[in-house]
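For the sequence shown, the positions run 85 to 252 when the working numbering is used.
Hints in this document: simulated from the structure, not taken from any laboratory. Hints are supplied without guarantee of correctness; some may be wrong.
[Claimed, not checked] Label-pair restraints from in silico Cβ distances:
#	residue 1	residue 2	range
1	Arg234	Ala129	19 to 27 Å
2	Gln229	Arg86	31 to 39 Å
3	Asp111	Pro194	30 to 38 Å
4	Asp220	Val125	19 to 27 Å
5	Glu203	Arg86	31 to 39 Å
6	Asp145	Arg242	21 to 29 Å
7	Gly189	Asp100	24 to 32 Å
8	Asp145	Glu221	18 to 26 Å
9	Leu219	Ala144	19 to 27 Å
10	Ala127	Gln229	30 to 38 Å
11	Asp111	Ser190	31 to 39 Å
12	Gly93	Gly113	34 to 42 Å
Note that the Cβ used here is the ideal one computed from N, Cα and C, for glycine as well.
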Amino acid sequence: MRIRRADRGELGVLRDIERAAGQRFGDVGMPEIAEDEPLPVEALAGYQGAGRAWVAVDGADCAVGYLIADFVDGCVHIEQVSVHPDHGRRGVGRALVDDVAVVAGSAGIPALTLTTFAEVPWNAPYYLRLGFRALDEGELTPGLQAIREREAAHGLDRWPRVCMRRDL
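All chains should be built: construct the whole structure from the sequences, respecting the hints.
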């Protein structure tokens, strides 16, 4: 498995990966998340064009997972990580996160941040194993607070959410 920057021509594949990965949410009583549409190609193109979209590829150079990120309050904020279920439980997500951590750390960025579901096994518990820690409300930066407000407006607070940080 290799990690590289996403190519513009594979953005539709990223949407397919997210749709397939999202189906697992239906199994844990979150059908609204399972049915939620991925970001449109135009939005993914913004990440790709800015150099903030990475893919994990198989031996045939086909994307099997991806990560997109923003900059929030001086940190790299992981907006989305998705791995196709056919390639799950093989370290693909970890490899994506670790690769972005190396890139961010070498650029002098102090941490990775993300928001995720607190009680979904492949969300917060998984990120704890990757070296993230849950942030208390008092530790939220203005940018993370704004993200949480947008998530709440989108209805994501129907399930417990948490902000997390991995110092680099």
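Status of each hint after checking the structure:
no.	hint	verdict
1	Arg234 with Ala129: 19 to 27 Å	21 Å, holds
2	Gln229 with Arg86: 31 to 39 Å	36 Å, holds
3	Asp111 with Pro194: 30 to 38 Å	36 Å, holds
4	Asp220 with Val125: 19 to 27 Å	37 Å, violated
5	Glu203 with Arg86: 31 to 39 Å	33 Å, holds
6	Asp145 with Arg242: 21 to 29 Å	39 Å, violated
7	Gly189 with Asp100: 24 to 32 Å	31 Å, holds
8	Asp145 with Glu221: 18 to 26 Å	43 Å, violated
9	Leu219 with Ala144: 19 to 27 Å	39 Å, violated
10	Ala127 with Gln229: 30 to 38 Å	22 Å, violated
11	Asp111 with Ser190: 31 to 39 Å	38 Å, holds
12	Gly93 with Gly113: 34 to 42 Å	36 Å, holds
Comparing the model with each earlier hint shows violations of hints 4, 6, 8, 9, 10; every other hint is respected.
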